[in-house]
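First to last, the protein sequences are chains P and B. Per this note's numbering: the first sequence = residues 1 to 408. Per this note's numbering: the second sequence = residues 1 to 408.
These are calculated hints, taken from the structure and not from any lab test. Check before you lean on any hint, since a few could be wrong.
Identical chains share a label here; the pair holds if one copy fits it or two copies do between them.
[What the hints assert, rightly or not] The list that follows gives simulated cross-link-like pairs (lysine-lysine, DSS-like), each with its CA atoms no further than 27 Å apart:
1. K37 x K118
2. K268 x K280
3. K311 x K284
4. K311 x K323
5. K323 x K268
6. K118 x K268
7. K284 x K37
8. K280 x K323
Now for the letters of each chain:
2 protein chains.
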Amino acid sequence: MRILLVGAGGVGGAFAAIAARRDFFEAIVVGDHDVAKAERAAAVDARFSAVQVDASDAGSVAALCAEHRITHVMNAVDPVFNMSIFDGALAAGADYLDMAMSLSRPHPEAPYERTGVKLGDEQFAVADDWAAAGRLALVGIGVEPGLSDVFARYAADHLFSEIDELGTRDGANLVVTDNDGNEVFAPSFSMWTTIEECLNPPVVWQDGAWHTTAPFSEPEVFDFPEGIGPVECVNVEHEEVLLMPRWIDCRRATFKYGLGEEFITILKVLHTLGLDRTEKVRVKGVEVSPRDVVAAVLPDPATVGPRMRGKTCAGLWVTGTGKDGQARSTYLYHVVDNEWTMAEYGHQCVVWQTAVNPVVALELLATGVWTGVGVLGPEAFDAVPFLDLLAEHGAPWGQREMASSTLG
Amino acid sequence: MRILLVGAGGVGGAFAAIAARRDFFEAIVVGDHDVAKAERAAAVDARFSAVQVDASDAGSVAALCAEHRITHVMNAVDPVFNMSIFDGALAAGADYLDMAMSLSRPHPEAPYERTGVKLGDEQFAVADDWAAAGRLALVGIGVEPGLSDVFARYAADHLFSEIDELGTRDGANLVVTDNDGNEVFAPSFSMWTTIEECLNPPVVWQDGAWHTTAPFSEPEVFDFPEGIGPVECVNVEHEEVLLMPRWIDCRRATFKYGLGEEFITILKVLHTLGLDRTEKVRVKGVEVSPRDVVAAVLPDPATVGPRMRGKTCAGLWVTGTGKDGQARSTYLYHVVDNEWTMAEYGHQCVVWQTAVNPVVALELLATGVWTGVGVLGPEAFDAVPFLDLLAEHGAPWGQREMASSTLG
Numbered sequence: 001m002r003i004l005l006v007g008a009g010g011v012g013g014a015f016a017a018i019a020a021r022r023d024f025f026e027a028i029v030v031g032d033h034d035v036a037k038a039e040r041a042a043a044v045d046a047r048f049s050a051v052q053v054d055a056s057d058a059g060s061v062a063a064l065c066a067e068h069r070i071t072h073v074m075n076a077v078d079p080v081f082n083m084s085i086f087d088g089a090l091a092a093g094a095d096y097l098d099m100a101m102s103l104s105r106p107h108p109e110a111p112y113e114r115t116g117v118k119l120g121d122e123q124f125a126v127a128d129d130w131a132a133a134g135r136l137a138l139v140g141i142g143v144e145p146g147l148s149d150v151f152a153r154y155a156a157d158h159l160f161s162e163i164d165e166l167g168t169r170d171g172a173n174l175v176v177t178d179n180d181g182n183e184v185f186a187p188s189f190s191m192w193t194t195i196e197e198c199l200n201p202p203v204v205w206q207d208g209a210w211h212t213t214a215p216f217s218e219p220e221v222f223d224f225p226e227g228i229g230p231v232e233c234v235n236v237e238h239e240e241v242l243l244m245p246r247w248i249d250c251r252r253a254t255f256k257y258g259l260g261e262e263f264i265t266i267l268k269v270l271h272t273l274g275l276d277r278t279e280k281v282r283v284k285g286v287e288v289s290p291r292d293v294v295a296a297v298l299p300d301p302a303t304v305g306p307r308m309r310g311k312t313c314a315g316l317w318v319t320g321t322g323k324d325g326q327a328r329s330t331y332l333y334h335v336v337d338n339e340w341t342m343a344e345y346g347h348q349c350v351v352w353q354t355a356v357n358p359v360v361a362l363e364l365l366a367t368g369v370w371t372g373v374g375v376l377g378p379e380a381f382d383a384v385p386f387l388d389l390l391a392e393h394g395a396p397w398g399q400r401e402m403a404s405s406t407l408g
Numbered sequence: 001m002r003i004l005l006v007g008a009g010g011v012g013g014a015f016a017a018i019a020a021r022r023d024f025f026e027a028i029v030v031g032d033h034d035v036a037k038a039e040r041a042a043a044v045d046a047r048f049s050a051v052q053v054d055a056s057d058a059g060s061v062a063a064l065c066a067e068h069r070i071t072h073v074m075n076a077v078d079p080v081f082n083m084s085i086f087d088g089a090l091a092a093g094a095d096y097l098d099m100a101m102s103l104s105r106p107h108p109e110a111p112y113e114r115t116g117v118k119l120g121d122e123q124f125a126v127a128d129d130w131a132a133a134g135r136l137a138l139v140g141i142g143v144e145p146g147l148s149d150v151f152a153r154y155a156a157d158h159l160f161s162e163i164d165e166l167g168t169r170d171g172a173n174l175v176v177t178d179n180d181g182n183e184v185f186a187p188s189f190s191m192w193t194t195i196e197e198c199l200n201p202p203v204v205w206q207d208g209a210w211h212t213t214a215p216f217s218e219p220e221v222f223d224f225p226e227g228i229g230p231v232e233c234v235n236v237e238h239e240e241v242l243l244m245p246r247w248i249d250c251r252r253a254t255f256k257y258g259l260g261e262e263f264i265t266i267l268k269v270l271h272t273l274g275l276d277r278t279e280k281v282r283v284k285g286v287e288v289s290p291r292d293v294v295a296a297v298l299p300d301p302a303t304v305g306p307r308m309r310g311k312t313c314a315g316l317w318v319t320g321t322g323k324d325g326q327a328r329s330t331y332l333y334h335v336v337d338n339e340w341t342m343a344e345y346g347h348q349c350v351v352w353q354t355a356v357n358p359v360v361a362l363e364l365l366a367t368g369v370w371t372g373v374g375v376l377g378p379e380a381f382d383a384v385p386f387l388d389l390l391a392e393h394g395a396p397w398g399q400r401e402m403a404s405s406t407l408g
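Excised from the complex, chain P in its bound form (with noise of 0.2 Å):
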């Protein structure tokens, strides 16, 4: 396995960082815009090497790969470059894969009521090109979308009969403080991204079909696991909501994150004053996206992890019959410690949980575990042998049985 690693920011540093361990590829080429931040992602291991590369241009990312014999494209930069890191991959006869699908966006006339192009569907319209190409396109391959979906497949095939909700669950007590000990406001993921999918129209699958709702709909306080405690959390368009009911019988499936109050007021103020934008306003003689302003004020997600503390739990909380017919509700859960994962990888923990996956997921295609072709979502593999293997890594995951047997 030759690998093509497209972005070396926090995601793809730890990536290389978790892939370095492990012994079932022959070479990782690092790509990114900055050529530098390539050479310091590969500087890893020996296997690794580094290249300039314009995510942007599908032409450039097919070059690489015929370049460099590349076998799979693992794609690790914002998702606004994902069709053209997809398609280069086709183009060089490679297979793919990437922690969020293609973007959406809303319907013109009632964007809160109904979907209109939706998370992915650009990459499941040419499903049959990868089919008939013999190609294996495995799309949401990171925490969020990728465990949770993984999840979903093992509810259905070992603990369920039948499911009434695939209720994915996202929560952290993360802090982090600035030199002086205060704490200081740091998202632990790329403030852009969190502003796309927060207000995004949430999408919510609901008796076989997919409808949309308000930003910041139907809080629910979740208790998270191991210390995490009670998480104000609300819906939020997500993969997972649009993969499960393709693979996994469900009445309702949703994505609901823990923002924390303090967080959906600052997303509300944002998109009160418009500074949510993307579009570029003239200020003083120059031009910015306010959106970029945001994220540029804020510290860099892929620096806080030494002034962070806490952990982070992604998860899929399951209601539904169990085997024995009786009424179950089950959370299964990866909780990762970012004092581990800075101690053991130099990496934060929400970075880190978001790349083990992948890496985990190229090891079982490495080895011929799992196999498939076309454009398919982790919950069309086998659940056990991925969740036995993450356990290698050194954070297992973990099944919390509720109290209660339908979701709040």
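Based on the hints, put chain B in the right spot on chain P.
Only chain B this time, still in chain P's reference frame:
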């Protein structure tokens, strides 16, 4: 009287429109860095002309004064330019008026307890120079500071024998709608200045000394007159607190601004994110000040008038002992309806209410009713002729006796 009006923005434009109806002056030269803007403001009357001016350069201001035989410089730009205009006027031998005083700088060690450089300190520091030259700098003669200070003098002369607190209270029920009639967030005053005022440490005069507090301190719901109703008010740094105790005996002086809960939340979020910062940040190859970006994404306060409705109220809540020896609590106020200012003057109510006061003051100086030399606040002059002349402009002041004799 020959006036140089520096600044043809919202307040400058309204000043020109109001002054054009009076005959106390011979000429008004409107200066702006954007000469087209100056020309638009000067189009109201044949006594007006337009010039280009660099408000940051005292020499440029002084040269214009000499060229146009200016007797009074009317400063209507952001207070960041105060000192150059103030110095330029004195150098040219002209009198000077402004509506906001020279800027403050927080105390370096205890910003929320002790004052550093206070509002107006730089101007009062050279008061002797103005007095020696026989020239007058009338500082803070907008609506707040300005009319509020006139109210303080009126209360001391005619209503109270002893004053406990001079509490300026500002509130409004203004709403701005977009073209579809939906309410939008659109400050009626410069967002840059509002951030400056609201995030600086508020200053309070208490028992013979000034001290500061944390932003948004001592929240209080004040019931504003003429249908505006209750609005949440908080301490804000403002000139009245620095001006009133210099001329009027009082135990305490405060300024509370009726920001309302939404605006307070917005300002807190901007501060949390660092979007209130004025130092430039690098954003994808260009450099911008985050606060300038915030101001740029919002509607221009000078243009929201036609889409705004409601009233704004400026006033002074005075408590103490009345002339009759009884406890007294009186709110002296000035309410302006946006519908009226738009119909009558074509300017929105907040800028109109700010601009009418220096027009009144200049007329009192032109007619010799007000005289003085040095650096003086509005409370250094007799309030009665001011309040009488203000009423001639169509928006009279009001007085409300309050049920409670103590401030909340």
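Outcome of the hint check:
1. Proximity of K37 to K118 under the C-alpha cut-off of 27 Å is found in neither arrangement, the shortest distances being 32 Å within a copy and 47 Å between copies.
2. Taking the shortest alpha-carbon separations for K268 and K280, both the intra-copy value of 20 Å and the inter-copy value of 25 Å come in at or below 27 Å.
3. In the homo-oligomer, the alpha carbons of K311 and K284 never lie at most 27 Å apart, since the shortest distance is 42 Å inside one protomer and 32 Å across protomers.
4. In the homo-oligomer, the alpha carbons of K311 and K323 never lie at most 27 Å apart, since the shortest distance is 32 Å inside one protomer and 66 Å across protomers.
5. Taking the shortest Cα distances, K323 and K268 never come within 27 Å of each other, neither inside one copy (43 Å) nor across copies (51 Å).
6. Taking CA atoms no more than 27 Å apart as the test, K118 paired with K268 passes inside one copy only; the shortest distance there is 23 Å, against 35 Å between copies.
7. Taking the closest pair of Cα atoms, K284 and K37 come within 27 Å of each other only across two copies (16 Å); inside a single copy the shortest separation is 32 Å, beyond that limit.
8. For the identical chains of this complex, K280 and K323 are neighbours neither inside a copy (54 Å) nor across copies (61 Å), given an alpha-carbon limit of 27 Å.
Checked against the numbered hints given earlier, the structure breaks hints 1, 3, 4, 5 and 8 and satisfies all the rest.
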